[in-house]
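Chemist: Protein sequences appear in the order of chains U and B.
Going by numbering that gives the first Met the number 0, 271 is the number at position 272 of the first sequence; the sequence numbering is gapless.
Going by numbering that gives the first Met the number 0, 29 is the number at position 30 of the second sequence; the sequence numbering is gapless.
To be clear, the hints were calculated from the coordinates, so they are not data collected in a lab.
Possibly wrong hints are sitting among the right ones.
[As the list claims (entries may be wrong)] Away from chain B, derived, C-beta distances all over 12 Å, residues of chain U:
{"#": "1", "residue": "16"}
{"#": "2", "residue": "131"}
{"#": "3", "residue": "135"}
{"#": "4", "residue": "147"}
{"#": "5", "residue": "192"}
[Said to hold, decoys possible] Short, incomplete list of chain U residues facing chain B, as computed with Cβ under 7 Å:
{"#": "6", "residue": "33"}
{"#": "7", "residue": "136"}
{"#": "8", "residue": "140"}
{"#": "9", "residue": "142"}
{"#": "10", "residue": "170"}
{"#": "11", "residue": "230"}
{"#": "12", "residue": "257"}
{"#": "13", "residue": "282"}
[Claimed, not checked] No more than 30 Å apart at the CA atoms, straight line, and that leaves these computed lysine-lysine pairs for DSS-like:
{"#": "14", "chain 1": "B", "residue 1": "184", "chain 2": "U", "residue 2": "294"}
{"#": "15", "chain 1": "B", "residue 1": "139", "chain 2": "B", "residue 2": "325"}
{"#": "16", "chain 1": "B", "residue 1": "84", "chain 2": "B", "residue 2": "55"}
{"#": "17", "chain 1": "B", "residue 1": "325", "chain 2": "U", "residue 2": "294"}
{"#": "18", "chain 1": "B", "residue 1": "320", "chain 2": "B", "residue 2": "136"}
{"#": "19", "chain 1": "B", "residue 1": "132", "chain 2": "B", "residue 2": "269"}
{"#": "20", "chain 1": "B", "residue 1": "83", "chain 2": "B", "residue 2": "312"}
{"#": "21", "chain 1": "B", "residue 1": "84", "chain 2": "U", "residue 2": "294"}
{"#": "22", "chain 1": "B", "residue 1": "215", "chain 2": "B", "residue 2": "269"}
Note that the structure is a prediction, hence the values are computed from the model and not measured.
C-beta: ideal position from N, C-alpha, C; glycine also.
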Amino acid sequence: MKFKLSQQSIVFGLFVLLFLSFSAFLPGFASVGNLLTLVQNVAFLGILGMGMALVVIGRGIDISMIASLAVPPGFLLQMVANGQPLSSALWIALAVALVFGLVNGWLIAYAEVPSLFTTLATGLFLAGLGQAYLFRLEVVQWTEGMDGLAWLGRGSTLGVPTPVVMFAFVSVVCAIFLKKVRAGVFIYGIGDNPNAARATGLPVRPVVVLEYVLASLIGLFAGVVMAASVGSMATRIFNSTMIYDVVLVVVLGGIGLSGGRGGVVNVIIGTLLIGVLLNAMTIMDVGYSVQNIVKGIVLLIAILADSIINPRNEETAQQGDI
Amino acid sequence: MSFYRFRSETLTPEETSMKHANKWIKGAVTGALILSSGVALAQGKGLDEPFRDGYKKALAGKVVGYIPVAMGFDLGIGWYEGLKKELEPHGMKVVARDPNWSTSAGAQAMTALIAEKPAAIVLHNPDVQTYAKLIRKAEKQGIYVVQINMRSQQPSTAFVGADWVDIGEMTTAATIAACQGKSNKIAIVQGAPTAAASAYTLKGVENVLAKNPQVKVVSNQAADWDASKAKAITQTVLKQHPDLCGIVGFWDGMDIGTAAAVKEAGLQGKVFVATSGGGEQSGACDQVMNGSFSYNVSYDVPTQASNMASMIKWLVQGGVKPGAAKQNIYTTLVPLTKENAGNPGACWKLSKK
């Protein structure tokens, strides 16, 4: 039997290697408390990664996810701060996220604009809309009126911090969706070969719309969890490089940008690898710039190993990379 | 002193009645004088103050450009509102350009403003380098440049702002004082390492640390002015060092996250959190009162705005050529603790939109 190393197993191996060596040589790393903190610190990234995975498996990309993370939750906080009741504000925020996902999906599935450009533009639009009309300040504070939702990001269940529980919850929901729900299974078909999917009669366009709606809703969810945890929503996060981290977590975990491959486990592995790196470097008190160097080197190793072990073949050559 | 505070002079009833009595006496005396001599009416004419015309003419219609690093946060809005309040009643116009955290957009805005030839430009530098050449160009073309809070390596006619080294020294000294008799382990949460404000503050921190060798810095990390990053770093540090006695943060907008991590670890009140900021009510005083911050050095934004406005009023009357003098006005720093943060006027409020 021929054993073939996939990107997923390479990254998993790298993760295990780093984990074991940090556990052995870095005092304080392997404690349960620290490991929970480790996952908690990357939980938002992981939740967003789940949304991104749905889209990437369907051979798309959603660059606007940080806008969905920042703007609808920021708007929610602002409305409540202005004195609106939580329930109605929540419905409005949900509606904003839903409409945003529908617009993304419609443009990509029906108007057939490439997903990269569509979501780049719509993300800018939503972020600009938020800054111009929806928020008073870039950082929207968590006010007492929001406390009805505080359980989404604060406290812990059986010692596990809530953001980690939420990450697990989203992972389970996404796993069930991708494996057991018909629309989820269709996403693989569409991602693998959209034309064949259409020829066999799959509802390609509606499923693509669904992908972006789900991504937008997951963004809203991640945003509310994040705001509850941090105590405010810094909407300026849209200007940060966080979207690259989200793409990175997905691609590093082994979900190819060419679509049709991978699943929830890949996102979890990618997220954990980033988490271990960040956590260990914080413990070692590594400087800011050096952290970037280390991150870059580890990523390069992962990509290099993949391209050596799995060289370009006919199929990948035809599909090309982004 | 500042424009958001309401300061009323209240009078006791006795004083009020005395005032009334005085008025009556004055009125009676004046009436008697007028009656006694009709000539006095002509002599009661006002005297024109000889200097106000020149002042009014110098200010009227002048334009002041304003480029912060972004408008969407308490400092950016606070300075803008302060400048408008002080300058617009004198017929000056304040025009703002919002680069929204982009240095290239800021440089473009500055170039465009120079071409419009305003009387002065108020500039908030994102770093020491970006606007250096443009500042020189503006002053060469006769535009006064007033730098605010974060300076460029190129000095201009005036700099108004916080002394960051001082801030670093104050926050660190307070933290070390709170650490006495405890573990003496402290953590530092920097802003963006490329920003001058962050680097100068760090210098102040180092100055104090050099005199206190018993203090151990267990973590010295940059959180990029980002609250969620600050929270992540602090969480990890607190897990490693649950006996940490204090944290020196570099900006209250970011240290909301630092404080959230301390609170989540159940260490609020046990870990001293020192930070600094513009002294806005919800970001500073409220957070000190609810225990998130133990110590917050405020560089009171309204005072800074009024300092800038006075400088500009003085400059546009002429007399000093742009760039001929290069002086600094360092803001008086006010440390906010539970003792004074609850006092009326300790912080300022953003006006409602």
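Chemist: For each hint, tell me whether it holds in the structure or not.
Modeler: Going through the hints against the structure:
Chain B leaves residue 16(U) outside its interface by the beta-carbon criterion, the shortest separation being 21 Å against a cut-off of 12 Å. Listed as a non-interface residue, residue 131(U) fails to keep its Cβ farther than 12 Å from every Cβ of chain B; the least gap is roughly 10 Å. Distance check on residue 135(U): its Cβ comes as close as 6 Å (rounded) to a Cβ of chain B, failing to clear the 12 Å threshold; non-interface status is violated. Every CB of chain B lies more than 12 Å from the CB of residue 147(U), the least distance being 18 Å, so the non-interface label holds.
With 12 Å as the threshold on Cβ separation, the claim that residue 192(U) sits away from chain B holds: the shortest Cβ distance comes to roughly 39 Å. For residue 33(U), the interface hint holds, since its Cβ comes within 7 Å of a Cβ in chain B; the closest pair sits about 5 Å apart. Here the hint on residue 136(U) is kept, as its CB sits about 6 Å from the closest CB of chain B, short of 7 Å. Here the hint on residue 140(U) is kept, as its CB sits about 6 Å from the closest CB of chain B, short of 7 Å.
With a cut of 7 Å, the hint placing residue 142(U) at the interface with chain B is violated, because the nearest CB-to-CB distance is about 9 Å. Interface hint at residue 170(U): violated, since its Cβ lies 20 Å from the closest Cβ of chain B, which is beyond the 7 Å cut-off. Look at residue 230(U): its Cβ gets to within about 5 Å of chain B, closer than 7 Å, so that hint holds up. Annotation: residue 257(U) was flagged as interfacial toward chain B, and the flag is violated, the nearest CB pair being 32 Å apart, outside 7 Å.
Proximity of residue 282(U) to chain B holds as hinted, the smallest CB-CB distance being about 6 Å (cut-off 7 Å). Restraint check: the Cα-Cα separation between residue 184(B) and residue 294(U) comes to about 28 Å, which is no more than 30 Å; the hinted pair holds. For a cut-off of 30 Å, the pair hint linking residue 139(B) to residue 325(B) stands: about 14 Å separates their Cα positions. With a C-alpha separation of about 16 Å, the suggested pair residue 84(B) and residue 55(B) falls inside the 30 Å cut-off, and the hint holds.
About 44 Å separates the Cα atoms of residue 325(B) and residue 294(U), which puts this hinted pair outside 30 Å; it is violated. At most 30 Å may separate the alpha-carbon atoms for a hinted pair to count; residue 320(B) and residue 136(B) meet this at roughly 14 Å. For the given pair, residue 132(B) sits about 48 Å from residue 269(B) by alpha-carbon distance, which is inconsistent with the 30 Å threshold. A hinted pair counts as satisfied when its Cα atoms are at most 30 Å apart, and residue 83(B) with residue 312(B) qualifies at roughly 12 Å.
Taking the CA atoms of residue 84(B) and residue 294(U), the gap is near 48 Å; set against the 30 Å cutoff, the hint is violated. Between residue 215(B) and residue 269(B), the direct Cα distance comes to roughly 17 Å. Compliance with the 30 Å bound is thereby established for this hinted pair.
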